[in-house]
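There are 2 protein chains.
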Amino acid sequence: MYIETRKRAIVKTISWRILATLTTAAIVYGLVGRLDIAAAAGGIEMVLKMIFYYFHERAWNKFHIGKHQVTPFVLWFTGLSGSGKSTIADQVYRKLKKKGYKVERLDGDTVRSIFPSTGFTKDARNTHIRRIGFLASMLEKNGIIVVASFVSPYKESREFVRELCDNFVEVHVDASVEECERRDVKGLYKKARAGEIKNFTGIDDPYEKPESPGLYLNTDEESEEKSLKKVFAHIGQFLD
Amino acid sequence: MYIETRKRAIVKTISWRILATLTTAAIVYGLVGRLDIAAAAGGIEMVLKMIFYYFHERAWNKFHIGKHQVTPFVLWFTGLSGSGKSTIADQVYRKLKKKGYKVERLDGDTVRSIFPSTGFTKDARNTHIRRIGFLASMLEKNGIIVVASFVSPYKESREFVRELCDNFVEVHVDASVEECERRDVKGLYKKARAGEIKNFTGIDDPYEKPESPGLYLNTDEESEEKSLKKVFAHIGQFLD
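Quick note, the sequences are listed as chains A and B, same order. Quick note on our numbering: the first sequence kicks off at 1 and runs consecutively. Quick note on our numbering: the second sequence kicks off at 1 and runs consecutively.
Please keep in mind that the hints were generated in silico from the structure rather than gathered at the bench. For glycine and all other residues, C-beta sits at the position ideal for the given N, C-alpha and C. Treat each hint with caution, since some may be false.
To be verified - Which stretches of chain B does chain A cover? Using the computed rule of at least three CB atoms under 8 Å from a CB of chain A, they are:
#: 1; segment: 35–47
#: 2; segment: 91–102
#: 3; segment: 187–193
#: 4; segment: 209–218
#: 5; segment: 225–237
As the list claims (entries may be wrong) - Some residues of chain B that are not near chain A, with every Cβ distance over 12 Å (derived):
#: 6; residue: E4
#: 7; residue: T5
#: 8; residue: F120
#: 9; residue: I144
#: 10; residue: K155
#: 11; residue: E181
#: 12; residue: R182
#: 13; residue: D184
#: 14; residue: N199
#: 15; residue: F200
#: 16; residue: D205
#: 17; residue: P206
#: 18; residue: E221
#: 19; residue: E222
#: 20; residue: D240
Unchecked claim - Computed Cβ-Cβ distance ranges for the label pairs, DEER-style:
#: 21; chain 1: A; residue 1: D90; chain 2: B; residue 2: T71; range: 42 to 48 Å
#: 22; chain 1: A; residue 1: V47; chain 2: B; residue 2: I65; range: 27 to 33 Å
#: 23; chain 1: A; residue 1: K95; chain 2: B; residue 2: S113; range: 43 to 49 Å
#: 24; chain 1: B; residue 1: G100; chain 2: A; residue 2: N218; range: 33 to 39 Å
Isolated chain A (complex conformation):
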């Protein structure tokens, strides 16, 4: 981060204007050989260029091609373990990062690895999601796009996060429990079936589907590419 004082900007502008005007005067003197004409050219140039520069800037400001106004937002992927939340969220994060946006990624697994003590009861999970939501809203408030992926099975805490954020986009990544269990990328369904994990969403704990999510993806039926397209079509409203 750099901070430039206003004074520096003004002095720099003046120094350039002097240098530019002297250059013009010197060129004219070199071509015409008369000091009075060189001085007149320099003087007229200084005034005209300041006026033209101002209008040139104004004109460009009206013309928005190649310029994006970005409204920070929190893109919140919710869905069963194995639904494909993290995969899609990772892609969205990478694409945004590559395009130069300020963006942060929050993922259930990463955060849990830092706070392994977080329990799996309803209360513990709701509190956990509320805390993550607070973190997300702080980042958003500071101009940073947040791409979050958490099972976040309960409406209550998702609504809490929605309230905290200015622009909360809930993305329901839907897939049937059967399909998620078939994929079982992390082997968690097997453990849940064996009783090694208690309160596992989809097995012995409910997933409360969002009633009207900002975006609905169905990874049983849609390709990852299609899901990604839908996400970018939806968040386009914040990107320019």
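Got chain A sorted already, so can you dock chain B onto it with the hints?
Chain B alone, transformed into the frame defined by chain A:
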């Protein structure tokens, strides 16, 4: 947040150069009345100004007056309730904000009001501080200065936060329990003495003083103004 594509920047530069050169040529034509000289002046100007502009920028880049390079950091105030942490932290935050820095304020009371369920046992407090530390480090990583004030009585979690952050400045705001209790701004010591609050730091729970804090303030002896001066002298290293 605005994002400008490189293409826009290039096209804008070219459009200005064309406008500027045509202006110069027109001025010269107006003064001298010869198209060949006007064209020559415009051509020479275009080349010279591009070269001069480059060196003008380079020269200013070597000259750092009025320009601050900011390294984000986490300024962490720790101390007893009533020691004056929040008051000093508030002032530091306000001053930094006013100077145009990107800065976020995290305060024990504010955060607890959002998560009232946070307990006061050693474990609960340590976990709470770790979570705040994670939030602080995320903000820092995204270029934002963090001014945090938490009793944070245990070394263990303060060290955890230190590890998470790139630039962690621990500020010990020291004041005797007697003095803090005399001030008792929030009436908490009274409640703790009456047994209405359990595990109150300084009364029936220990405060583990930092052994080698980045900065030591003693509000029993120093004025608020002096404390502030010490803080700004210390964080100067990150501000330019």
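How the hints compare with the structure:
no., hint, in the structure
1, 35–47, "holds (count 5)"
2, 91–102, "holds (count 4)"
3, 187–193, "violated (count 0)"
4, 209–218, "violated (count 0)"
5, 225–237, "violated (count 0)"
6, E4, "violated (5 Å)"
7, T5, "violated (4 Å)"
8, F120, "holds (16 Å)"
9, I144, "violated (5 Å)"
10, K155, "holds (19 Å)"
11, E181, "holds (32 Å)"
12, R182, "holds (34 Å)"
13, D184, "holds (29 Å)"
14, N199, "holds (18 Å)"
15, F200, "holds (23 Å)"
16, D205, "holds (20 Å)"
17, P206, "holds (22 Å)"
18, E221, "holds (34 Å)"
19, E222, "holds (29 Å)"
20, D240, "violated (8 Å)"
21, D90(A) <-> T71(B): 42 to 48 Å, "violated (29 Å)"
22, V47(A) <-> I65(B): 27 to 33 Å, "holds (28 Å)"
23, K95(A) <-> S113(B): 43 to 49 Å, "violated (37 Å)"
24, G100(B) <-> N218(A): 33 to 39 Å, "violated (46 Å)"
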